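Peer 1: Sequence:
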Amino acid sequence: MTQDPYVAADARYETMPYRRSGRSGLRLPAVSLGLWHNFGGLHPLDTQREILLAAFDLGITHIDLANNYGPPPGSAESNFGGVLARDLRPYRDELILSTKAGYHMWPGPYGEWGSRKSLLASLDQSLARMGVDYVDVFYHHRPDPDTPIEESMMALDQAVRSGKALYAGISNYGPEDTRTAAAILRDLGTPLLIHQFKYSMYERTPEDGLLDALDEVGAGSIVFSPLAQGMLTDRYLGGVPEGSRITHSQFLSEKQISETYIERTRALNEIALGRGQTLAQLALQWVLRQGRVTSALVGASSVAQLRANVEALSFPELTDAELAAIEPHAVHGTHHA
Numbered sequence: 001m002t003q004d005p006y007v008a009a010d011a012r013y014e015t016m017p018y019r020r021s022g023r024s025g026l027r028l029p030a031v032s033l034g035l036w037h038n039f040g041g042l043h044p045l046d047t048q049r050e051i052l053l054a055a056f057d058l059g060i061t062h063i064d065l066a067n068n069y070g071p072p073p074g075s076a077e078s079n080f081g082g083v084l085a086r087d088l089r090p091y092r093d094e095l096i097l098s099t100k101a102g103y104h105m106w107p108g109p110y111g112e113w114g115s116r117k118s119l120l121a122s123l124d125q126s127l128a129r130m131g132v133d134y135v136d137v138f139y140h141h142r143p144d145p146d147t148p149i150e151e152s153m154m155a156l157d158q159a160v161r162s163g164k165a166l167y168a169g170i171s172n173y174g175p176e177d178t179r180t181a182a183a184i185l186r187d188l189g190t191p192l193l194i195h196q197f198k199y200s201m202y203e204r205t206p207e208d209g210l211l212d213a214l215d216e217v218g219a220g221s222i223v224f225s226p227l228a229q230g231m232l233t234d235r236y237l238g239g240v241p242e243g244s245r246i247t248h249s250q251f252l253s254e255k256q257i258s259e260t261y262i263e264r265t266r267a268l269n270e271i272a273l274g275r276g277q278t279l280a281q282l283a284l285q286w287v288l289r290q291g292r293v294t295s296a297l298v299g300a301s302s303v304a305q306l307r308a309n310v311e312a313l314s315f316p317e318l319t320d321a322e323l324a325a326i327e328p329h330a331v332h333g334t335h336h337a
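For the sequence shown, position 58 matches number 58 in the numbering used here, and the numbering has no gaps at all.
There's no promise every hint is true.
Heads up, simulated DSSO-like pairs for lysine-lysine below, C-alpha to C-alpha not over 30 Å straight-line [unchecked claim]: (1) 117 <-> 164; (2) 198 <-> 117; (3) 164 <-> 198.
Label pairs and their computed distance ranges (CB to CB) [claimed, not checked]: (4) 275 <-> 72: 15 to 25 Å; (5) 317 <-> 20: 40 to 50 Å; (6) 128 <-> 90: 42 to 52 Å; (7) 46 <-> 9: 15 to 25 Å; (8) 20 <-> 161: 37 to 47 Å; (9) 93 <-> 260: 40 to 50 Å; (10) 289 <-> 218: 18 to 28 Å; (11) 273 <-> 124: 44 to 54 Å.
Hints were generated in silico from the structure; no laboratory data involved.
Everything numeric in this text was worked out from a predicted model, so none of it was measured.
Backbone N, C-alpha and C fix where the C-beta goes; we use that ideal spot for every residue, glycine too.
Could you put together the complete structure from these sequences and hints?
Peer 2: Here's what the structure looks like:
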């Protein structure tokens with residue numbers, strides 16, 4: 001079916017707030033679009049295109065990928081590359097594209113982790129799949145216990161110096177490794193731009209030193225799973241809906257819908273309703289509170305879901321009283337209790 005040429009909305013920058021990433025000159029939208037789920041080979045290409053174009057029209061300039069996003073691995077980058085070539089190519093300079101390497105991607109000893117060989121080969125493959133000459137941010141996706149941090153950071157530095165990436169990032173690093181990585185990159189002349197980590201009302205590990213470390217080194221932060229993969233929504237308050245992600249996800253289990261989970265999530269949902277918003281919108285506002293997080297990554301299976309998430313930014317900031325009311329129910333580990 002022939003589709004009309006895409007023309008971006010004139011008002012795309014009028015409502016989305018943009019936040020500076022650490023001490024850099026780069027600003028990211030408060031909400032970014034992650035292609036971890038829903039953008040692989042198992043999902044309709046027309047729906048993926050609709051979501052991506054709607055995101056840009058909403059002011060979401062940052063699209064987050066990784067080499068292994070799919071399934072199958074690599075398909076999210078390939079599918080995005082198709083939309084970029086057909087619709088978004090005229091807007092490339094308005095987009096922040098990020099990708100990562102570090103998890104298993106191809107057979108043999110060079111298809112994962114953090115060697116220079118692995119990271120730079122993966123970056124070349126990602127560029128080819130997306131059909132671009134460079135990405136804006138290239139991340140090491142996870143620390144490698146068998147490769148010195150120096151080697152992994154030298155690979156990120158080389159990616160930037162070669163022009164294949166504009167900025168260097170890390171993901172899933174602990175506080176001390178973050179400080180070490182930032183110091184190495186600073187000495188190499190390629191400052192650490194950003195750290196991507198999991199953070200939500202039910203996953204609060206970053207508060208145990210990581211956020212402080214990022215403040216110290218001057219790096220920004222972008223969080224994934226701010227909705228605890230759907231568990232910080234009202235989706236499971238009445239049980240497990242047929243066909244919902246938890247029924248077929250490798251990351252979630254129906255056993256997680258415990259009485260403790262339901263009790264705390266219902267309490268949070270009541271706070272959200274009192275503000276006239278959904279629990280998902282409250283959860284997004286919570287991770288973005290007080291400005292310590294640069295951007296929150298959201299996934300989307302539909303344009304309507306994406307719009308609802310972005311609407312979280314239109315609500316008043318959480319007050320001290322509301323944050324105090326949330327605190328007893330925002331308990332680390334609740335989604336695994």
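Peer 1: If a hint holds in the structure, say so; if it doesn't, say that too.
Peer 2: Against the structure, the hints:
no.	hint	in the structure
1	117 <-> 164	15 Å, holds
2	198 <-> 117	27 Å, holds
3	164 <-> 198	26 Å, holds
4	275 <-> 72: 15 to 25 Å	41 Å, violated
5	317 <-> 20: 40 to 50 Å	18 Å, violated
6	128 <-> 90: 42 to 52 Å	21 Å, violated
7	46 <-> 9: 15 to 25 Å	19 Å, holds
8	20 <-> 161: 37 to 47 Å	24 Å, violated
9	93 <-> 260: 40 to 50 Å	48 Å, holds
10	289 <-> 218: 18 to 28 Å	21 Å, holds
11	273 <-> 124: 44 to 54 Å	49 Å, holds
In summary, the numbered hints that this structure violates are 4, 5, 6, 8.
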